[in-house]
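I would like the entire structure built from these sequences, with the hints used as guidance.
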Amino acid sequence: METEVTRMQAEDYSLFYGQFKALNKINIKIPANRVTAFIGPSGCGKSTFLRSFNRMNDLIPSVTTTGTVYLDGKDVGKQDVVELRRKVGMVFQRPNPFPKSIFDNVAYGPRLHGTKNKSDLAVLVEKSLRRSALWDEVKDDLQKSGMSLSGGQQQRLCIARAIAVNPEVILMDEPASALDPVATLKIEELMNELKNKYTIAIVTHNMQQAGRVSDYTAFMLTDENRSGNLIEFGATKQIFTTPSDSRTEDYISGRFG
Amino acid sequence: MTSGTRRTGLEKIMKTVLLISALASVLIVLLIFVFTLKEAMPAFREIGVWKMLSGTTWRPGNGEFGILAMIAGSGLVTLGAIIIGVPLALGTAVFLSEIAPEWIVRVVRPSIELLAGIPSVVYGLFGMVIIVPLVRMIPAPGNAGFGLLSASIVLAVMVLPTIANISEFAIRSVPRGYKEGSLALGATKWETISRVMIPAARPGIISAVVLGLGRALGETIAMIMVIGNSVILPTAMTDNPLSIFLSRARTLTGNIAVEISYATGVHESALFATGVVLFILIMLVNSSARFLLKKGAQ
Ligand SMILES: Nc1ncnc2c1ncn2[C@@H]1O[C@H](COP(=O)(O)OP(=O)(O)OP(=O)(O)O)[C@@H](O)[C@H]1O
Ligand SMILES: [Mg+2]
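Sequences listed follow chains D and R, in order.
Number 138 in my numbering belongs to position 138 of the first sequence; there are no gaps in the numbering.
Number 72 in my numbering belongs to position 72 of the second sequence; there are no gaps in the numbering.
No lab work stands behind these hints: they were computed from the structure.
All the pointers check out, no bait thrown in.
The calculated lysine to aspartate or glutamate pairs, modelled on EDC-like cross-linking and capped at a C-alpha distance of 20 Å, are:
| id | chain 1 | residue 1 | chain 2 | residue 2 |
| --- | --- | --- | --- | --- |
| 1 | R | K179 | D | D58 |
| 2 | D | K100 | R | E191 |
| 3 | D | K116 | R | E191 |
Nothing here was measured: the structure is a model prediction, and the numbers come from that model.
Laid out in structure tokens, this is it:
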């Protein structure tokens, strides 16, 4: 842990929905080029916390925060949100391709950020689709609507779309929860590939999945005020075998949550 | 009778009732069309369909019944209303659905609904008192203020509520995921609206525009009050082709309303024929819109 490079970090970070404190003073360092899993019972603030890294919570007017979230040592709150979101991509729980062609879905981000040249775009689209392990299945008809793909393919399309803008971090909020086991396995394999290039933070309810894909695991839990707290964070192996907090052990062994 | 058969019996009756109500509107449309057509037949027979459609002079006293000028008048004023009204309505819809804070929405939306409730004749008065004098200030020979431009502006305001309301609904119905997906890729709010939200809402926006078109083609009294009503084929009044909109004109609807009270014989029948043409025009607009909708959905 000490030898890891920190990509993202939260420091005494609290978040409120109006009066309700959803996250309570969270401190964590997300290591670069690793998969970090967030686990914990429903409502403990995993999604809320993940959305803090790319400031998606800005969309909710009632949200206020204290403390700081950093990307590469810089306060994300002080960065241009457009540039931040280019660097910190997101894959959602429900696959959400745009009602556009496969090509246009992947090219959407690069076009926004200034890649206009047709052949550059074509190269980028192919590269992203290859990296998200979708290329072989769609290469014959990139003009087909992204919505016509299966759920698992759609999710890989969304990953390709996120990769296409060359982010540093990819946030995934239960990316496989709407998928069947085969598609889930594909996504998991993909994460293993992707961490060579990207830092990945994933929320999952599936303990086996967390165990399989992640290098580090963060366990969150609500306190008596229903605020989300980070209970324990460490190497996945250690969290799953010798957790230092009894609540982590209870949760992982399925005794509550 | 067991309760089961009584319930299936009721089911059958309900089905029939619903079917009849649905058929009633079809029947009424058919009846209106057939009777208008029947009244129009003498004119079509005596003057000739093509001669009516292509004729540019309308002089009932002389037995000349060309309605091309009115077709052009209706077409141009509707075009003008759409050119002015659609951006305005779309802007309103985007503003209300995506940008305006809640309290502004609560003020603006009822005022737009109020706009929809104002009687046509009041729009006509507003046009005569406000729009016509303003348009008259445009320096061009023969510009009297009354004409296509004034009529288009009035009509644009009249179709605004329809188009804005339905478009706003269409934009609000776009799945949240599209918007979040776009923003998460680093798109700005405006890029998200123009590249994802509006394209996704396009089918709804097209239906909104078509409903607006239908309303515009059918508008009568407000048009009579501001368009000048001269039966002339509109032409540009200066070197600028846009000055065609300063020309006076008459709409198909206006033609009927102005003359029906005293028309007799072929003249009267020719006015019914005008109605038939209007009917078909509106049908064409609607079906082409449905075609566009289907194409957009694919
Ligand atoms: N937009 C919102 N407004 C108000 N409260 C919210 C909002 N979104 C989430 N919350 C509250 O914040 C807390 C954390 O929610 P969050 O969705 O982050 O939990 P989660 O750990 O992702 O749960 P799950 O595992 O069910 O997805 C919950 O109590 C929830 O009710
Ligand atoms: Mg969640």
